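Novice: The residues making up each chain are set out below.
Number of protein chains: 2
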Amino acid sequence: MPEMVTVSCRQVPSVVGDAPGNRRRITAEARAAAAAGADIVLFPELAASGYDFASAEQARAEAVPLDGPLLDEWRALAGELGIVLVAGYAELGDNGHVYNSAVLIDPDGVRANYRKAHLWDREADHFTPGAAPPPVVDTILGRLGLLICYDLEFPEWVRLAALDGAELLCAPVSWPAFPRPAGERPNEVVKVQAGAGVNRMPIAVCDRVDADHGAAWLGGSVIVDPDGYPLTSLALGEEAAITATIDLAASRDKSIGERNDVLADRRPPLYGAITKERV
Amino acid sequence: MPEMVTVSCRQVPSVVGDAPGNRRRITAEARAAAAAGADIVLFPELAASGYDFASAEQARAEAVPLDGPLLDEWRALAGELGIVLVAGYAELGDNGHVYNSAVLIDPDGVRANYRKAHLWDREADHFTPGAAPPPVVDTILGRLGLLICYDLEFPEWVRLAALDGAELLCAPVSWPAFPRPAGERPNEVVKVQAGAGVNRMPIAVCDRVDADHGAAWLGGSVIVDPDGYPLTSLALGEEAAITATIDLAASRDKSIGERNDVLADRRPPLYGAITKERV
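Line by line, the protein sequences give chains W and E. With the numbering used here, the residue at position 91 of the first sequence is 91, and numbering never jumps. With the numbering used here, the residue at position 257 of the second sequence is 257, and numbering never jumps.
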């Protein structure tokens, strides 16, 4: 039986130092998405706080706890709208560390709180890396995985989500814009296509578009099907909402052709060197 | 110091039952490639035998040993032309098993003989899967890796080659042609682009074009740079030679941006579940 869900990625700005404005925008966009029929609504990495912190002190000052007013607001929003809400925020952990985190919330509450494990560039100055694999959790809509941005470029991480049974992988990102050859799709998008294809697992990416502190963002939000082909057009650099309807049940079928299966065909005992630290 | 090498992929037919003709074509193409300045010359998966065996008996009948006349011919050819020759053949192992193998030969001899570990479709009827990771070997031109076709769709396998220091990954393939959305690059090529990008390792793929026994091949040979962008145009479905010049030394630099490194940023202790057999 198909389990069709409509996924909407809200490629919107957020600004460091204007947390109230960021929160208002997220709430308004989530309402608009739900009104348009979305079941799962994604926002970018660090959507609540903005991305481009000037210092570790500023990141700490903007970080909020999992049990504070921001998450209360988002839980209420998911409950009221009957949606799964996925969004990034700067988390102040119980242990005093600051994390680049994202939550996955359904009407029953926070299903996953994930701390980014692979940190990009100056994030390493601002955040403690997470130490747990990408969560894959059951929600009212299906089994969903969650990771953040640069994590996507480690195929091991995407594979772990697929091995845990993610029927859709949700990825808040903040992709810097890099030069690329004329006519080429950005390689960040290509990596997502491949991650979807090798795992037969759809992936929804929500990128940002603001240029706070001079950083130029790609704005490459995309939803990719289990064959690795985009279901949505890129809205590079533009504020946009991209939306696609996905059959979650179909992504549990890992077969390709008559005799093959992208997960069953793996040779795990031969992959041991993957887990060894290099010296 | 840059170490520039010219790589040429010979997207040519080969036919089951005409091993002499296949060998003559490979020799002629290798000479043409070397005359045009190629340092590394690739041929498709099972180039010497043809791909589409009707039965295990036929595969066995066409299989040849590593120490027989075919490999003697190829060793002499690599020595005479001063090239690295990469090509697929049906191998009759010392142990009596038949493998879908490929060799990497430089003027000093056979540097690697690899047995395909991830078998596609009816190959499982014809061949024993290999039980060793992709070889990565020093040659007169640099450090080269080798795998075959469907192996490319297991990012663990491509990663192992990168972790072993491959400066170029060579991939003889036989890509069946599948339907794809209009305007989309074939997802097989997309997976190669991603494999190159996440490892900052160029990849050279040599596909086939013949339609022996009715199979339709993609003909998607491509050479991809360490950023994951193609250096060559696709010659889909056509007999063709595609050629690119690569700086092997540059692919030893795994840095991206000022602070990141695609291999050093990995979190191997967190990847353990990759190596577990599923039940």
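Simulated from the structure, these hints should not be mistaken for laboratory data. Among the hints, erroneous ones may be present.
If several chains are the same, the list does not tell them apart, and a pair holds so long as it fits within one copy or across any two.
As the list claims (entries may be wrong) - Derived DMTMM-like pairs (lysine to aspartate or glutamate); straight-line CA-CA distance at most 25 Å:
id: 1; residue 1: K276; residue 2: D164
id: 2; residue 1: K276; residue 2: D108
id: 3; residue 1: K254; residue 2: E73
id: 4; residue 1: K276; residue 2: E73
id: 5; residue 1: K276; residue 2: D265
id: 6; residue 1: K254; residue 2: E184
id: 7; residue 1: K276; residue 2: E29
id: 8; residue 1: K276; residue 2: D138
id: 9; residue 1: K276; residue 2: D253
id: 10; residue 1: K276; residue 2: D121
id: 11; residue 1: K276; residue 2: D52
id: 12; residue 1: K276; residue 2: D18
id: 13; residue 1: K276; residue 2: E80
id: 14; residue 1: K254; residue 2: D265
id: 15; residue 1: K254; residue 2: E277
id: 16; residue 1: K254; residue 2: D125
id: 17; residue 1: K254; residue 2: D121
id: 18; residue 1: K254; residue 2: D94
id: 19; residue 1: K276; residue 2: E238
id: 20; residue 1: K276; residue 2: D67
id: 21; residue 1: K254; residue 2: D138
id: 22; residue 1: K276; residue 2: E239
id: 23; residue 1: K254; residue 2: D227
id: 24; residue 1: K254; residue 2: E80
Please read these numbers as outputs of a predicted model, since none were measured by experiment.
Novice: Each hint should be assessed against the structure and marked as holding or not.
Specialist: Hint-by-hint comparison with the structure:
1. K276 - D164: Both: 21 Å inside a chain and 12 Å across chains, each within 25 Å.
2. K276 - D108: Answer is neither: 39 Å inside a copy and 32 Å across each miss the 25 Å cutoff.
3. K254 - E73: neither (37 Å within a copy, 42 Å between copies)
4. K276 - E73: neither (42 Å within a copy, 40 Å between copies)
5. K276 - D265: both (22 Å within a copy, 13 Å between copies)
6. K254 - E184: Between copies, since 22 Å is at most 25 Å while 29 Å is not.
7. K276 - E29: neither (43 Å within a copy, 41 Å between copies)
8. K276 - D138: between (31 Å within a copy, 22 Å between copies)
9. K276 - D253: So K276 and D253 pass the 25 Å test across copies only (20 Å; inside, 31 Å).
10. K276 - D121: Cα proximity of K276 and D121: one copy only (24 Å, versus 32 Å across).
11. K276 - D52: For K276 and D52, neither the intra-copy (33 Å) nor the inter-copy (39 Å) Cα distance is at most 25 Å.
12. K276 - D18: Result: close neither inside a copy nor across copies, 43 Å intra and 45 Å inter.
13. K276 - E80: The answer is neither: 46 Å in one copy and 41 Å across copies each exceed 25 Å.
14. K254 - D265: Within one copy only: 10 Å inside a chain, 29 Å across chains, cut-off 25 Å.
15. K254 - E277: between (30 Å within a copy, 16 Å between copies)
16. K254 - D125: Close across copies (21 Å), not inside one copy (40 Å); limit 25 Å.
17. K254 - D121: between (35 Å within a copy, 14 Å between copies)
18. K254 - D94: Result: close neither inside a copy nor across copies, 39 Å intra and 35 Å inter.
19. K276 - E238: For K276 and E238, the Cα distance exceeds 25 Å both inside one copy (41 Å) and across copies (42 Å).
20. K276 - D67: neither (36 Å within a copy, 35 Å between copies)
21. K254 - D138: within (19 Å within a copy, 37 Å between copies)
22. K276 - E239: Neither: 42 Å inside a copy, 42 Å across copies.
23. K254 - D227: For K254 and D227, the Cα distance is within 25 Å only inside one copy (10 Å; across copies 29 Å).
24. K254 - E80: neither (35 Å within a copy, 47 Å between copies)
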